[in-house]
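There are 6 protein chains.
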Amino acid sequence: MESIGKKAIMYALADGDLEKQIKVSAEEEGFKLIKGKVGSMNTEKIFAAVETAAQREGLICGDRYRDNHALYHAILDAFVGICRGQLGLGDMLRTVGLIFTVVKGPRNVESREDGEWLAVVLYGTIGAPVKGYEHETIGLGLNHL
Amino acid sequence: MESIGKKAIMYALADGDLEKQIKVSAEEEGFKLIKGKVGSMNTEKIFAAVETAAQREGLICGDRYRDNHALYHAILDAFVGICRGQLGLGDMLRTVGLIFTVVKGPRNVESREDGEWLAVVLYGTIGAPVKGYEHETIGLGLNHL
Amino acid sequence: MESIGKKAIMYALADGDLEKQIKVSAEEEGFKLIKGKVGSMNTEKIFAAVETAAQREGLICGDRYRDNHALYHAILDAFVGICRGQLGLGDMLRTVGLIFTVVKGPRNVESREDGEWLAVVLYGTIGAPVKGYEHETIGLGLNHL
Amino acid sequence: MESIGKKAIMYALADGDLEKQIKVSAEEEGFKLIKGKVGSMNTEKIFAAVETAAQREGLICGDRYRDNHALYHAILDAFVGICRGQLGLGDMLRTVGLIFTVVKGPRNVESREDGEWLAVVLYGTIGAPVKGYEHETIGLGLNHL
Amino acid sequence: MESIGKKAIMYALADGDLEKQIKVSAEEEGFKLIKGKVGSMNTEKIFAAVETAAQREGLICGDRYRDNHALYHAILDAFVGICRGQLGLGDMLRTVGLIFTVVKGPRNVESREDGEWLAVVLYGTIGAPVKGYEHETIGLGLNHL
Amino acid sequence: MESIGKKAIMYALADGDLEKQIKVSAEEEGFKLIKGKVGSMNTEKIFAAVETAAQREGLICGDRYRDNHALYHAILDAFVGICRGQLGLGDMLRTVGLIFTVVKGPRNVESREDGEWLAVVLYGTIGAPVKGYEHETIGLGLNHL
Numbered sequence: 001m002e003s004i005g006k007k008a009i010m011y012a013l014a015d016g017d018l019e020k021q022i023k024v025s026a027e028e029e030g031f032k033l034i035k036g037k038v039g040s041m042n043t044e045k046i047f048a049a050v051e052t053a054a055q056r057e058g059l060i061c062g063d064r065y066r067d068n069h070a071l072y073h074a075i076l077d078a079f080v081g082i083c084r085g086q087l088g089l090g091d092m093l094r095t096v097g098l099i100f101t102v103v104k105g106p107r108n109v110e111s112r113e114d115g116e117w118l119a120v121v122l123y124g125t126i127g128a129p130v131k132g133y134e135h136e137t138i139g140l141g142l143n144h145l
Numbered sequence: 001m002e003s004i005g006k007k008a009i010m011y012a013l014a015d016g017d018l019e020k021q022i023k024v025s026a027e028e029e030g031f032k033l034i035k036g037k038v039g040s041m042n043t044e045k046i047f048a049a050v051e052t053a054a055q056r057e058g059l060i061c062g063d064r065y066r067d068n069h070a071l072y073h074a075i076l077d078a079f080v081g082i083c084r085g086q087l088g089l090g091d092m093l094r095t096v097g098l099i100f101t102v103v104k105g106p107r108n109v110e111s112r113e114d115g116e117w118l119a120v121v122l123y124g125t126i127g128a129p130v131k132g133y134e135h136e137t138i139g140l141g142l143n144h145l
Numbered sequence: 001m002e003s004i005g006k007k008a009i010m011y012a013l014a015d016g017d018l019e020k021q022i023k024v025s026a027e028e029e030g031f032k033l034i035k036g037k038v039g040s041m042n043t044e045k046i047f048a049a050v051e052t053a054a055q056r057e058g059l060i061c062g063d064r065y066r067d068n069h070a071l072y073h074a075i076l077d078a079f080v081g082i083c084r085g086q087l088g089l090g091d092m093l094r095t096v097g098l099i100f101t102v103v104k105g106p107r108n109v110e111s112r113e114d115g116e117w118l119a120v121v122l123y124g125t126i127g128a129p130v131k132g133y134e135h136e137t138i139g140l141g142l143n144h145l
Numbered sequence: 001m002e003s004i005g006k007k008a009i010m011y012a013l014a015d016g017d018l019e020k021q022i023k024v025s026a027e028e029e030g031f032k033l034i035k036g037k038v039g040s041m042n043t044e045k046i047f048a049a050v051e052t053a054a055q056r057e058g059l060i061c062g063d064r065y066r067d068n069h070a071l072y073h074a075i076l077d078a079f080v081g082i083c084r085g086q087l088g089l090g091d092m093l094r095t096v097g098l099i100f101t102v103v104k105g106p107r108n109v110e111s112r113e114d115g116e117w118l119a120v121v122l123y124g125t126i127g128a129p130v131k132g133y134e135h136e137t138i139g140l141g142l143n144h145l
Numbered sequence: 001m002e003s004i005g006k007k008a009i010m011y012a013l014a015d016g017d018l019e020k021q022i023k024v025s026a027e028e029e030g031f032k033l034i035k036g037k038v039g040s041m042n043t044e045k046i047f048a049a050v051e052t053a054a055q056r057e058g059l060i061c062g063d064r065y066r067d068n069h070a071l072y073h074a075i076l077d078a079f080v081g082i083c084r085g086q087l088g089l090g091d092m093l094r095t096v097g098l099i100f101t102v103v104k105g106p107r108n109v110e111s112r113e114d115g116e117w118l119a120v121v122l123y124g125t126i127g128a129p130v131k132g133y134e135h136e137t138i139g140l141g142l143n144h145l
Numbered sequence: 001m002e003s004i005g006k007k008a009i010m011y012a013l014a015d016g017d018l019e020k021q022i023k024v025s026a027e028e029e030g031f032k033l034i035k036g037k038v039g040s041m042n043t044e045k046i047f048a049a050v051e052t053a054a055q056r057e058g059l060i061c062g063d064r065y066r067d068n069h070a071l072y073h074a075i076l077d078a079f080v081g082i083c084r085g086q087l088g089l090g091d092m093l094r095t096v097g098l099i100f101t102v103v104k105g106p107r108n109v110e111s112r113e114d115g116e117w118l119a120v121v122l123y124g125t126i127g128a129p130v131k132g133y134e135h136e137t138i139g140l141g142l143n144h145l
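Chains as they are written, first to last, in the working numbering: chain P, 1 to 145; chain Z, 1 to 145; chain E, 1 to 145; chain Y, 1 to 145; chain U, 1 to 145; chain A, 1 to 145.
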């Protein structure tokens, strides 16, 4: 599990001891990881939740637009995976309940000379605004910082 | 890890003992799982590889079009996640190296009354046709059988 | 006119005696048909109108998520046909006035062994929010139940 | 049935006496109608078949680029309806068998002062390259000439 | 600089004397040009600003739907260029500050026999709703009148 | 004309003395500019032409994948602007004749602290594979290096 995307996916899916272990082990290798939750019918809340968390936890430098730009497109790519073709949530009468993770570090542990990258994972459920009328969905966005 | 999508993702990412363990444990719960590899610049080869494996291993019944239809759209949804917005591989001068998994079973172990579903995961790398010039990508498609 | 899609299109376009005749004849062959109207600049109202009518009239079982899932994607496919590429109504300063039909039954009368399918047709006008500044549009979505 | 889109759809779906009757009646109202068939896994063949027929039958003037431009976008809009979101045929391992119609005339018989329009309908089946593994699909494109 | 698209782009990018010179010179060749500004997170405001200006300045005839139709699709095409794939502004937590130009005339000065065309350019910045967190973007839509 | 996108657009549209003047003046401000031509019905040739020129002229470092990644997405964004919604050239029976420019430097001359960016412009004609049956199109992609 040396690559940044796999770390972001595993960290999103894990809980309890495994979750902690993934974090500790990745941090020892020089990665930074954050995790949060967001549920909404409003697309902009997904973007805002991930952006805010990544800035607050220092994964991107809020003072540099290029960091914001890199993160934005990683979120957008992950969001496209969540929507699978037709972008939209509430306007298409569907809602999501998502865990998100953001990981910052090398693309993988053997390619540190290629600089820092960001991986964003959105994982959870998408479906009708009725409890249980939903199925799983995942999206992964990667970008160079 | 009771849901079909999570099983499909974990089975795609795991190897060695963990891979076997995921399969055995899921089969005991009534799921069927397959795993394969496909690398190509031709989109149709991705579709063909997953369809052929799923039919050969009996996850769908080749004699029923509705099963084919369910699988096709699950693959297409996963493929959209891989491409993140603009569908295409070789025509956009990029290539993929993918592991695929297909899981058949209930949406999750508590909702068996909702019938059988299919989950398709494509996980691997996407990038330029130059070794190492690539990053990770994942797509998940779910459909009712 | 033995196929489910053709029945849904013809039922959407017909009125008066022909409309009744299509319904009676299709019901004798084992199809269920409903028809309604919806006009809006809000995409979610199109989805809601079709979903509500199909549940109320018993074309799908409201208690089974898989039925909802099948219907949702049939509506979405029909809606893509209506929008022809760029999804959106009011946000793109356009509005629709639509007749919708939903038909449940075999894909066609000779393939009953392939189980039940849903066909959703949206037919009407799309255009500027100015009376008469509009042209026709149609979308058809099919899915296995 | 006074509108150009409805005429194009009905003419595509009809056969035998009804087909002739639609044509004769529409021609008396000042419309021009053509009908043809095309089946392919190659998207460009769909475009070529409709363009060639419309030029040969004089629905557009081959010497005027603006007529070609109008027709091209009407075909493209109809093709998007056929594909429902993700453009592609053989590259996505699917094929179509289509009837096409092109109608030239006023948007509807009461709005002749708004000049000439084109309606293109593609109607038929889309599915796997296996006989019978397919379902119906329709697309309608309208454009001003 | 004999073509309509180039005139629309140059007029959007120019200011001061050059801007005036482009306008005067193009008008002598029989083109009509307008220019305006619009900034918003709401997509419909972009459409409305361009439509209103083009009608008010007489580039299209507000009484003819076909003129509206031609303009609408030119704006939509330009807007797609601005968004580069995933349509949306505020719902994707981004905003635009745009100059727009609309030019009416022949496709280029040597092809007057091909009738009148419209070119719409949107040029400006797209980015986060934070001052300076943005980069440039351009879109050009052309349509026959 | 202090911003990178405007420089890339102007350099694409200019010829003769103005072209030289734009280049010289931009180089004095610390930008690097290249310009080339590509005409094709094959999408991959557009990508290849721009990638090859940018590497050969040293705008990106061929040894660093992150530079390739930045350029690739800038080309893709520009290509989306060219196609305006439905990606494809020959498969949709259309062809392009394009000038391309790539500019490397600060986003604009006042924001040098935000590091280096790439701007890719594709400008030319898109249309039927018939001489003169075409109209102008432009696309601009920006990315941080």
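Please note that the accuracy of each hint is not assured.
It does not matter which identical chain is used: a pair holds within one copy or between any two.
Here are the simulated DSS-like cross-link-like pairs (lysine-lysine), alpha carbons at most 25 Å apart as the crow flies [said to hold, decoys possible]:
1) Lys23 <-> Lys131
2) Lys131 <-> Lys20
3) Lys131 <-> Lys6
4) Lys6 <-> Lys23
5) Lys6 <-> Lys32
6) Lys32 <-> Lys20
7) Lys37 <-> Lys131
8) Lys37 <-> Lys6
9) Lys20 <-> Lys37
Calculated from the structure, these hints are not laboratory results.
_Within, between, both or neither: Lys32, Lys20 at alpha-carbon 25 Å_ = within (13 Å within a copy, 30 Å between copies)
*From the Cα coordinates, with 25 Å as the cut-off, is the pair Lys37 and Lys6 best called within, between, both, or neither?*
For Lys37 and Lys6, the Cα distance is within 25 Å both inside one copy (19 Å) and across copies (17 Å).
*If the cutoff is 25 Å on CA atoms, where do Lys6 and Lys23 land: within, between, both or neither? Let me know, please.*
Both. Shortest intra-copy (12 Å) and inter-copy (19 Å) distances satisfy the 25 Å Cα cut-off.
*Since the copies are identical, ignore which copy is meant and state whether Lys131 and Lys6 lie within 25 Å (CA to CA) inside a copy, between copies, both or neither.*
between (30 Å within a copy, 19 Å between copies)
*Under a CA distance limit of 25 Å, which applies to Lys37 and Lys131: within one copy, between copies, both, or neither?*
within (17 Å within a copy, 28 Å between copies)
*Within a copy, between copies, both or neither: where do Lys131 and Lys20 come within 25 Å Cα-Cα?*
neither (30 Å within a copy, 33 Å between copies)
*Using 25 Å as the alpha-carbon threshold, which applies to Lys6 and Lys32: within, between, both, or neither?*
both (14 Å within a copy, 24 Å between copies)
_Within, between, both or neither, where Lys20 and Lys37 count as close if Cα-Cα is 25 Å or less_ = within (17 Å within a copy, 31 Å between copies)
*When no copy is named, should Lys23 and Lys131 be tagged within, between, both, or neither for a Cα gap of at most 25 Å?*
Neither way: Lys23 and Lys131 sit 31 Å apart in one copy and 29 Å across, limit 25 Å.
The structure is inconsistent with the numbered hints 1, 2, although it conforms to all the rest.
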